[in-house]
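K.L.:
Line by line, the protein sequences are chains P and W.
For reference, each letter of the first sequence is one residue, going 39 to 350 in the working numbering.
For reference, each letter of the second sequence is one residue, going 39 to 350 in the working numbering.
No wet-lab data here; the hints were simulated from the structure.
There's no promise every hint is true.
FRET-style restraints, in silico, Cβ to Cβ [what the hints assert, rightly or not]:
id: 1; chain 1: P; residue 1: Ala217; chain 2: W; residue 2: Gly340; range: 55 to 61 angstroms
id: 2; chain 1: W; residue 1: Pro88; chain 2: P; residue 2: Ala339; range: 50 to 56 angstroms
id: 3; chain 1: P; residue 1: Asp148; chain 2: W; residue 2: Thr168; range: 54 to 60 angstroms
id: 4; chain 1: W; residue 1: Arg45; chain 2: P; residue 2: Arg201; range: 31 to 37 angstroms
What the simulated footprint calls covered on chain W by chain P, stretch by stretch (three residues with Cβ under 8 angstroms from a Cβ of chain P suffice, anywhere in the stretch; the number is not a length) [what the hints assert, rightly or not]:
id: 5; segment: 181-190
id: 6; segment: 273-281
id: 7; segment: 284-291
From the three backbone atoms N, C-alpha and C, an ideal C-beta is built for every residue, glycine too.
Number of protein chains: 2
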Amino acid sequence: MRAATIRDGRIEVVEHPDPEPQDGQLLVRVHAAGLNGADLLQVAGHYPPPPGAPADIPGLELAGEVVSCGRRVGRFEPGDRVMGIVAGGGQAELAVIHERTAMPVPEELDWTAAGGVPEVFTTAHDALFTQAGLAVGERLLVHGAAGGVGMAAVQLGVMTGARVTATVRNEQCRTQVAALGVQAIDPEGFADYGPFDVILELVGAQNLTGNLEALATGGRIVVIGVGAGAVSDIDLRMLMHKRAVLRGSTLRSRPIEEKAITARLMEKMVLPGFASGDLIVPVAASYPLDEAPAAYDRFKAGKKLGKVVLEI
Amino acid sequence: MRAATIRDGRIEVVEHPDPEPQDGQLLVRVHAAGLNGADLLQVAGHYPPPPGAPADIPGLELAGEVVSCGRRVGRFEPGDRVMGIVAGGGQAELAVIHERTAMPVPEELDWTAAGGVPEVFTTAHDALFTQAGLAVGERLLVHGAAGGVGMAAVQLGVMTGARVTATVRNEQCRTQVAALGVQAIDPEGFADYGPFDVILELVGAQNLTGNLEALATGGRIVVIGVGAGAVSDIDLRMLMHKRAVLRGSTLRSRPIEEKAITARLMEKMVLPGFASGDLIVPVAASYPLDEAPAAYDRFKAGKKLGKVVLEI
Numbered sequence: 039m040r041a042a043t044i045r046d047g048r049i050e051v052v053e054h055p056d057p058e059p060q061d062g063q064l065l066v067r068v069h070a071a072g073l074n075g076a077d078l079l080q081v082a083g084h085y086p087p088p089p090g091a092p093a094d095i096p097g098l099e100l101a102g103e104v105v106s107c108g109r110r111v112g113r114f115e116p117g118d119r120v121m122g123i124v125a126g127g128g129q130a131e132l133a134v135i136h137e138r139t140a141m142p143v144p145e146e147l148d149w150t151a152a153g154g155v156p157e158v159f160t161t162a163h164d165a166l167f168t169q170a171g172l173a174v175g176e177r178l179l180v181h182g183a184a185g186g187v188g189m190a191a192v193q194l195g196v197m198t199g200a201r202v203t204a205t206v207r208n209e210q211c212r213t214q215v216a217a218l219g220v221q222a223i224d225p226e227g228f229a230d231y232g233p234f235d236v237i238l239e240l241v242g243a244q245n246l247t248g249n250l251e252a253l254a255t256g257g258r259i260v261v262i263g264v265g266a267g268a269v270s271d272i273d274l275r276m277l278m279h280k281r282a283v284l285r286g287s288t289l290r291s292r293p294i295e296e297k298a299i300t301a302r303l304m305e306k307m308v309l310p311g312f313a314s315g316d317l318i319v320p321v322a323a324s325y326p327l328d329e330a331p332a333a334y335d336r337f338k339a340g341k342k343l344g345k346v347v348l349e350i
Numbered sequence: 039m040r041a042a043t044i045r046d047g048r049i050e051v052v053e054h055p056d057p058e059p060q061d062g063q064l065l066v067r068v069h070a071a072g073l074n075g076a077d078l079l080q081v082a083g084h085y086p087p088p089p090g091a092p093a094d095i096p097g098l099e100l101a102g103e104v105v106s107c108g109r110r111v112g113r114f115e116p117g118d119r120v121m122g123i124v125a126g127g128g129q130a131e132l133a134v135i136h137e138r139t140a141m142p143v144p145e146e147l148d149w150t151a152a153g154g155v156p157e158v159f160t161t162a163h164d165a166l167f168t169q170a171g172l173a174v175g176e177r178l179l180v181h182g183a184a185g186g187v188g189m190a191a192v193q194l195g196v197m198t199g200a201r202v203t204a205t206v207r208n209e210q211c212r213t214q215v216a217a218l219g220v221q222a223i224d225p226e227g228f229a230d231y232g233p234f235d236v237i238l239e240l241v242g243a244q245n246l247t248g249n250l251e252a253l254a255t256g257g258r259i260v261v262i263g264v265g266a267g268a269v270s271d272i273d274l275r276m277l278m279h280k281r282a283v284l285r286g287s288t289l290r291s292r293p294i295e296e297k298a299i300t301a302r303l304m305e306k307m308v309l310p311g312f313a314s315g316d317l318i319v320p321v322a323a324s325y326p327l328d329e330a331p332a333a334y335d336r337f338k339a340g341k342k343l344g345k346v347v348l349e350i
């Protein structure tokens, strides 16, 4: 099989041996696989994949058709349309995924859209609900809302009946985010728009002091992206005064038991939103597998709305 | 009535009009009232009491006998032994407390001990269980364990079946804390003793980086005291990597509904520990009301094990 492959800090598309499904795993003919920030880090050598994941094939999510099943598989059979998060290796013609972390692809989604769903919607759902306990009527601020996770979070917030504010640096993207029915603002001076019950941080530590200022009493800040900077001052007296929660989270390093739980929550709480039309998958650009290097360049360039997806 | 009173940044004992119980309140003849760090801040002008609390009489907890009841009181009657947290005014011959925040005094406790229970045990219980979700078998680190809240937290941790480590600066106090059946260590180099699932911070921000280093994956840090310093650097990437929770909390500023819930939890989960002998109230020193200034000096001097209590 052919796969996007990390060679000397760059992406090439080369031939690999076909993977074989182990107990509980599905072998999937991949039709689409989204790019994520962690892929860039891995290409640059900063984010080694966890044990068991292919060392040189990036890709944290996939959508495709089940080709064959390992032993002790009960949930799916060959021919089923599945999607899900994987610890690596998704950007290839063939990939394996444990059946507990796989989800059925809703009828309403084509392959390209499905390839961009698992990572960002699972990450956003986990952060907003499992981590931050976002509830109807609460005020949500999403920093960096034009990216994949941000667009998923904004939509999930609206679908939940939260009142959503979104910071978007790029002016054109800001207009498009506002079209989702939320208050889209420039990051500059965001703290004046509070108080917020939940703040989702996808940008960096430079927002931390403003986040604490803008937080309501009992508010929760969840940090899942710090690409623009990881270190900041923090005034713990303000944290106490607000009775605030500051929480960090990542999905990739979790054990399979926890990832399986996120997949069940996705099936129950998120996938129905694609059927009802409450949720869409914003795809900024898609590329065939052979143009994976161009896809990575596009992803790096930023100023995009939603996902970059490989069609395979 | 006479009361400890703040005059020009110092404590005097002077005459005040008797308070009158409003709807739902008990008028209590106070027999004992503990000192707390927030009293010192209030004396120094740094911690104004919330609206409704006496402006110049400190005291966040009391134990005493019900003298009379306001309208719509149903839980207590004159003659009952009660204790509880108040927003201020506890260090006086008479004080009012809402019946929903009052608890019965367990038979096993004398007045002096009872006067030192409400603030520290409510604070410690709320922080460890309601905020941090401490569970049996988890590893707990308590910073500043020789103080009132620290001693309460250490005992509640042991009673819960957690594995408890306690930092204590003063060597003599450290030996006494170790006698509670926990690992008592010097704060220097505490991070080497991890990983911990829950860390209770009662000292200051200088521990924050070490706390994050010493935290287990999925661990929770609860900050409820920062007397030694409130500001620190924080590396949010480490927070993400550990999937850590950093939470600040205070009790005093909460609305009465929330304080009432803490009192119900105390009745259910903490007071039985005094009957069973699992919990003791460490009283470092007690003073009659007239010697309140000396009690405040003793509290300020530190190097004490447990509470300083006024006997009234």
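K.L.:
Using C-beta distances, would you say chain P covers the segment 284-291 of chain W, given that this needs three or more residues below 8 angstroms?
P.N.:
It holds: at least three residues are needed, and the segment 284-291 of chain W offers 6 whose Cβ sits within less than 8 angstroms of chain P.
K.L.:
In this structure, is the beta-carbon distance linking Arg45 of chain W and Arg201 of chain P contained in 31 to 37 angstroms?
P.N.:
violated (48 angstroms)
K.L.:
Can you confirm whether chain P covers the segment 181-190 of chain W, using C-beta to C-beta distances below 8 angstroms and requiring at least three such residues?
P.N.:
Since three or more residues must qualify, the claim that chain P covers the segment 181-190 of chain W is violated, with 0 doing so at under 8 angstroms.
K.L.:
I want to verify a distance hint. Is the separation of the beta carbons of Pro88 of chain W and Ala339 of chain P within 50 to 56 angstroms?
P.N.:
About 52 angstroms separates the Cβ atoms of Pro88 of chain W and Ala339 of chain P, which means 50 to 56 angstroms holds.
K.L.:
Are at least 3 residues of the segment 273-281 of chain W within less than 8 angstroms of chain P when you compare beta carbons?
P.N.:
Result for this restraint: holds, n = 9.
K.L.:
Given a hint of 55 to 61 angstroms, does the C-beta separation of Ala217 of chain P and Gly340 of chain W actually sit inside it?
P.N.:
holds (60 angstroms)
K.L.:
Check the following: the C-beta atoms of Asp148 of chain P and Thr168 of chain W are separated by a distance inside 54 to 60 angstroms.
P.N.:
Between Asp148 of chain P and Thr168 of chain W, where Cβ atoms are some 47 angstroms apart, the hint is violated.
Figure legend: structure checked against the earlier numbered hints; hints not met, in rising order: 3, 4, 5.
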